[in-house]
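Engineer: Given chain F, work out where chain H should sit, using these hints.
2 protein chains.
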Amino acid sequence: MPGTKGKDYWVGFDLGGTKMMALVLDEEGAVVGRKRRKTKAQQGPKAGLVRIEETIRIALDDAGVEPKQLAGIGIGSPGPLDLAEGVVLEAPNLGWKTIGLRQSLERALGCPTVVLNDVDAGVYGEYCFGAAKEARCVFGVFPGTGIGGGCVYEGDILRGKSRSCVEIGHVRVLPDGPLCGCGRRGCLETVASRLSIAAAVAAAAYRGDAPYILEHAGTDIAAIRSRVLAEAVRAGESVVERIIRDAAYWLGVAVGGVVHLLSPDVVVLGGGLVESMPDLFLEEVMRSTEEHVMPSFRDTYVVVTAKLGDDATALGAAAWAERTLDEKDRSDHAGGA
Amino acid sequence: MPGTKGKDYWVGFDLGGTKMMALVLDEEGAVVGRKRRKTKAQQGPKAGLVRIEETIRIALDDAGVEPKQLAGIGIGSPGPLDLAEGVVLEAPNLGWKTIGLRQSLERALGCPTVVLNDVDAGVYGEYCFGAAKEARCVFGVFPGTGIGGGCVYEGDILRGKSRSCVEIGHVRVLPDGPLCGCGRRGCLETVASRLSIAAAVAAAAYRGDAPYILEHAGTDIAAIRSRVLAEAVRAGESVVERIIRDAAYWLGVAVGGVVHLLSPDVVVLGGGLVESMPDLFLEEVMRSTEEHVMPSFRDTYVVVTAKLGDDATALGAAAWAERTLDEKDRSDHAGGA
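Sequence order for the protein chains is F and H.
Position one of the first sequence corresponds to residue 0 (numbering that gives the first Met the number 0), numbered consecutively onward.
Position one of the second sequence corresponds to residue 0 (numbering that gives the first Met the number 0), numbered consecutively onward.
Here chain F stands alone, though its shape is the one from the complex (with noise of 0.2 Å):
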């Protein structure tokens, strides 16, 4: 590897706003070592800081790696960020603003490192080593809280000038639909996140129609989560099961639009949610998606399921800090000649 002089190790990093995990791949790109530990973000985001390194740093020693073995650094992190300078600008599930992710990192462990949206990183990460292995267009949707999308073109990563771009979650599927977090109606957030789920299914419960989440989870939108709804549909509780399928048609309706707009060969879904109940996501955003191409795309993509669970975005993130900080390499290399 050009310019990396025996630094032989990665380290990908998923920063999420209830848990933070670290991997330390080798240079065939198999995992060497592991951290995953709570973010606590209530703390403030110096002593995030300070828990990011450590983390590594346990994950390394896991690995039996030095950190100046490390040829860098890769961070999935939740957005908006500044891609070029590695700064969170805004993160409201970690309570950051404006902060210096990719400087510290670099000055703690002595390594590049390179920040890039999580969602970004978890669809690269499935087009790597995954479910989308080596296609020429890959899509990718996680819906959760909300809504992560995301494009991997002829390799790279389709951005924004200066963020993520792939907001697909706001993307507006029904004029005059519910009032969305970003102000406007109808985005595909409002009716088929985790959320929208989740505020649908405790209404059914409060009503009587949902004894099964009644008694399981009660009517506490944040106590209804993946597994409890998964549990219930397979309990037979058919007014979940209705809910679950209008939001999978629903993404069916935006990931056709995407199909119009990008072509892609391969849509992953993944997340939590879809992982939780995989068939029924994948049947059901299949069949609505086909309702919803013109009949001559039909044949062009396949959905299919994400491979990588938990460990997506940590691995995408290791992967392209290796891609461009290679490639960086290379150019500094030429530019140098």
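Because the hints were derived from the structure by calculation, they are not lab data.
Since this is a predicted model, take the numbers as computed values, not measurements.
You may find that some hints are simply not true.
DEER-style ranges, computed between Cβ atoms [stated by the list, open to error]: (1) F:Lys160 with H:Thr97: 39 to 49 Å; (2) H:Ala83 with F:Glu274: 31 to 41 Å; (3) F:Asp7 with H:Lys160: 34 to 44 Å; (4) H:Arg233 with F:Pro277: 53 to 63 Å.
Below, simulated PhoX-like cross-link-like pairs (lysine-lysine); rule was C-alpha separation at most 20 Å, straight line [stated by the list, open to error]: (5) F:Lys132 with H:Lys160; (6) F:Lys96 with F:Lys45; (7) H:Lys18 with F:Lys160; (8) H:Lys39 with H:Lys18; (9) F:Lys18 with F:Lys45; (10) H:Lys132 with H:Lys306.
A short list of chain H residues far from chain F (calculated; beta carbon distances all over 12 Å) [unchecked claim]: (11) Glu53; (12) Glu89; (13) Asn92.
In this text, a Cβ means the ideal position worked out from N, Cα and C, and glycines have one as well.
Structural biologist: The following block gives chain H in isolation, referenced to the frame of chain F:
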């Protein structure tokens, strides 16, 4: 220019359903010859291919350039196309099916030829020479009989596997909306194409609500072209203006979706309809787009009208031929070294 050995001229060609045009460009990109003729599609594909060759030869004569001085030809064609082979798979406006456009021209004129989607070529033209010069990400929308779309991302035309992508005309903007030619409902084309505008205006004229249109064009939608629509608006026919503003509103809905997915820096509105009423379209599309994007996207893009008019596709096709054939030369040279 490596590998072109004194072949310093390029031809750009716009193959339309009603007219065709050849431009001859010198190595600086200046137009030194041109010829525009009717397509006469009813004469069939064989005559059509001969007519294309003749049109190019007349434009070369006009420029005082010999065919042997040509480095390459770029042709913007309606599709779908097989881009790799340069074959027109199906072009209903031309009555063509599986026509080997590239092979035919390479034989006739003895120089490498590239076939691309006509709208892609138009957007690439605006990117190289017009309203979106050198922008990082350009999205073009051209409402006509249908609605064409194209995207140039970091200097490359964004594409599907073997065809153009960006079928913005078939993005659904209105669930359960009007029936579309593609068999689905509520596609953008059903509410914002020139055809949908003409149909609504014809109905208004028939009802007696659009006397200017009734007098100057009648109720045949084939006669309700862009020019008479613009004249009616100028004459104060308020129902016509209302119908056009509604169409522009829906364009903004779709453009808003594109902003969330691709985050373009520049959105270019073009085509004959927009050119006949640029201010009206610009105002209404800007307003509607702004209404339909999240606040954080509001300052990330500009909406502009196309600058190159009828030359956009031919200019873009020539520039794309230069770019891709040059690349091929370079990689041929690299491969042979």
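Engineer: Take the hints in turn and mark each one as holding or not.
Structural biologist: Structure-based check of all given hints:
Between F:Lys160 and H:Thr97 the beta carbon distance is about 41 Å. The supplied range of 39 to 49 Å therefore holds. Distance hint check for H:Ala83 and F:Glu274: the Cβ-Cβ separation is about 37 Å, which falls inside the suggested range of 31 to 41 Å. Checked against the hint of 34 to 44 Å, the C-beta distance between F:Asp7 and H:Lys160 comes to roughly 36 Å, which is consistent with it. Taking the beta carbon of each, H:Arg233 and F:Pro277 are about 58 Å apart, inside 53 to 63 Å as hinted.
With a C-alpha separation of about 16 Å, the suggested pair F:Lys132 and H:Lys160 falls inside the 20 Å cut-off, and the hint holds. Using a Cα cut-off of 20 Å, the hinted pair F:Lys96 and F:Lys45 holds, with the two alpha carbons roughly 11 Å apart. For the hint linking H:Lys18 to F:Lys160, the alpha-carbon distance of about 38 Å lies beyond 20 Å, and the restraint is violated. For the suggested pair H:Lys39 and H:Lys18, the alpha carbons sit about 8 Å apart, so the restraint of at most 20 Å is met.
A hinted pair counts as satisfied when its Cα atoms are at most 20 Å apart, and F:Lys18 with F:Lys45 qualifies at roughly 16 Å. The hinted pair formed by H:Lys132 and H:Lys306 meets the criterion: a straight-line CA distance of about 11 Å does not exceed 20 Å. A cut-off of 12 Å between C-beta atoms confirms that H:Glu53 is not in contact with chain F; the least separation is 32 Å. With a least beta-carbon separation of about 9 Å from chain F, H:Glu89 fails to lie farther than 12 Å from that chain, contradicting its non-interface assignment.
At roughly 16 Å, the least C-beta separation between H:Asn92 and chain F is larger than 12 Å, which holds for a residue marked as non-interface.
Consistency with the previously given hints fails for numbers 7 and 12, ordered from lowest to highest.
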